[in-house]
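Trainee: Residues per chain, in single letters:
Number of protein chains: 2
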Amino acid sequence: MITPSQLNPDEARKLIRVKDWDNPTAGMANGFIQANLAILPKELAFEFLLFCQRNPKSCPIIDVTEPGSPVPMLSAPNADIRTDLPKYRVYKNGELAEELSDITSYWNDDMVAFLLGCSFTFEDALLKNNIPIRHIEENRNVPMYKTNIGCVGAGRFEGPMVVSMRPMTEKEAIRAVQVTSRFPSVHGAPVHIGNPEAIGINNIQRPDFGDPVTIKDGEVPVFWACGVTPQAVAMHVKPEIMITHAPGHMFITDLKNEEFSVL
Amino acid sequence: MITPSQLNPDEARKLIRVKDWDNPTAGMANGFIQANLAILPKELAFEFLLFCQRNPKSCPIIDVTEPGSPVPMLSAPNADIRTDLPKYRVYKNGELAEELSDITSYWNDDMVAFLLGCSFTFEDALLKNNIPIRHIEENRNVPMYKTNIGCVGAGRFEGPMVVSMRPMTEKEAIRAVQVTSRFPSVHGAPVHIGNPEAIGINNIQRPDFGDPVTIKDGEVPVFWACGVTPQAVAMHVKPEIMITHAPGHMFITDLKNEEFSVL
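Those protein sequences? They're chains A and B, same order as listed. Heads up, the first sequence is in the numbering used here, so the first residue is 82 and it goes up one at a time. Heads up, the second sequence is in the numbering used here, so the first residue is 82 and it goes up one at a time.
Bound conformation, chain A alone (with noise of 0.2 Å):
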């Protein structure tokens, strides 16, 4: 009986890639970074990069592969991207075209494949400091909104900043932006704390992704900058192909959490 939480990242990855696990990967390889997935033509690269070195809240980037390349040398250098995520969305012309668990046929010499981090580690250190996650409380998809923050733009990348949030008391929330503070690789402080009309969300209960989740009196909304953005952003741009993982389906890299605070 496996327990995907005590899976070292290699052994996840290769049930993943043999297709004997096709769920998402919250909770597997525990204490590794999980890593958002962005597959790009070369042409359009630099572009890309440049808007997340531009954009670092919103665009961590764990690692960016070669040209051609399918392997992410740095964060896990026996992985295959193509094959090592339980499920990806294929994108043409900025639409949907297919959703499916292996991308080798799709892979070409002229793909770049970025790797961005995920709130999954800042969650853990969270949940280490006593601070509650009410969308993991309540069993559902964090609650995710467009926002009136423009971020940076970058050649043709341009667009809204999305958030995540996640309710807790003020005096978590202080607590919450030191904790990550540590942790500018995957998301790092909060971008906005408290009234959400502020940052043009005029109905919390809506999200425009994910579930609503429920405040309760004496908490207030701590946002942080998501992940999403940067597929959102991209997709704006309609390349002609573009691949991503699917949403909860995250490539699970080498790296420990730990690793990649600053203090």
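Repeated chains share a single entry, so a pair holds when one copy, or any two copies, can fit it.
Straight-line distance between alpha carbons at most 27 Å, and here's what the computed BS3-like set of lysine-lysine pairs gives:
no., residue 1, residue 2
1, K297, K227
2, K337, K138
3, K138, K123
4, K319, K123
5, K168, K123
Hints listed in this document are in silico derivations from the structure and should not be mistaken for laboratory results.
Chain B: place on chain A using the hints.
Mentor: Below, chain B without anything else, positioned relative to chain A:
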């Protein structure tokens, strides 16, 4: 009578632009980030940006211009990268071809300018913490050394890390780690403390660049990744054309040092 340290960045750059200042920029526009410059053809821009992203201690990115634009929009939107540094070096096929004070005649639509963090910012933070900076005390250039620490390659870009060295007591070294860890965008924490031979430096009194400085009894050498690294690595690729600042003649941004601290 002009006091260079009291100028704001706009005033300092204007002085430079009209050729009323052709000296090194150390001490100008106090409190504002100064940056190393590297201009490369667009064809190399993705690989160089990826190299910087993979080697953030050596190559901390402050700003990157859009291809063909001489304006660093994020760090100094009123500046012109072609005229606002007191001295430039033009390299052709990896060889120094010319040193001049205005590169407008070289500029074309194919060029991308990279502004990379320099050590002035963290030296300012060290001084504010009463940590001595020997090369400033002795009025010399900081000693710099090639090491046996390999940078992480990206495409054609690869090579050893160059480090700068500042001697201090062991107690000061601990404080220096804390102080500079706050500034990952300007080289961040040291890469090595103590025995120079461990990183391939055989004679601490014979630096590869800059000048030797006195190491007093009871002091240890503390090594930081140095902004010379990306230039050395880029030169190795022998690009048809590459333009950099002349040593010490940096670009003055509108960004305050403290804005670039993570905590």
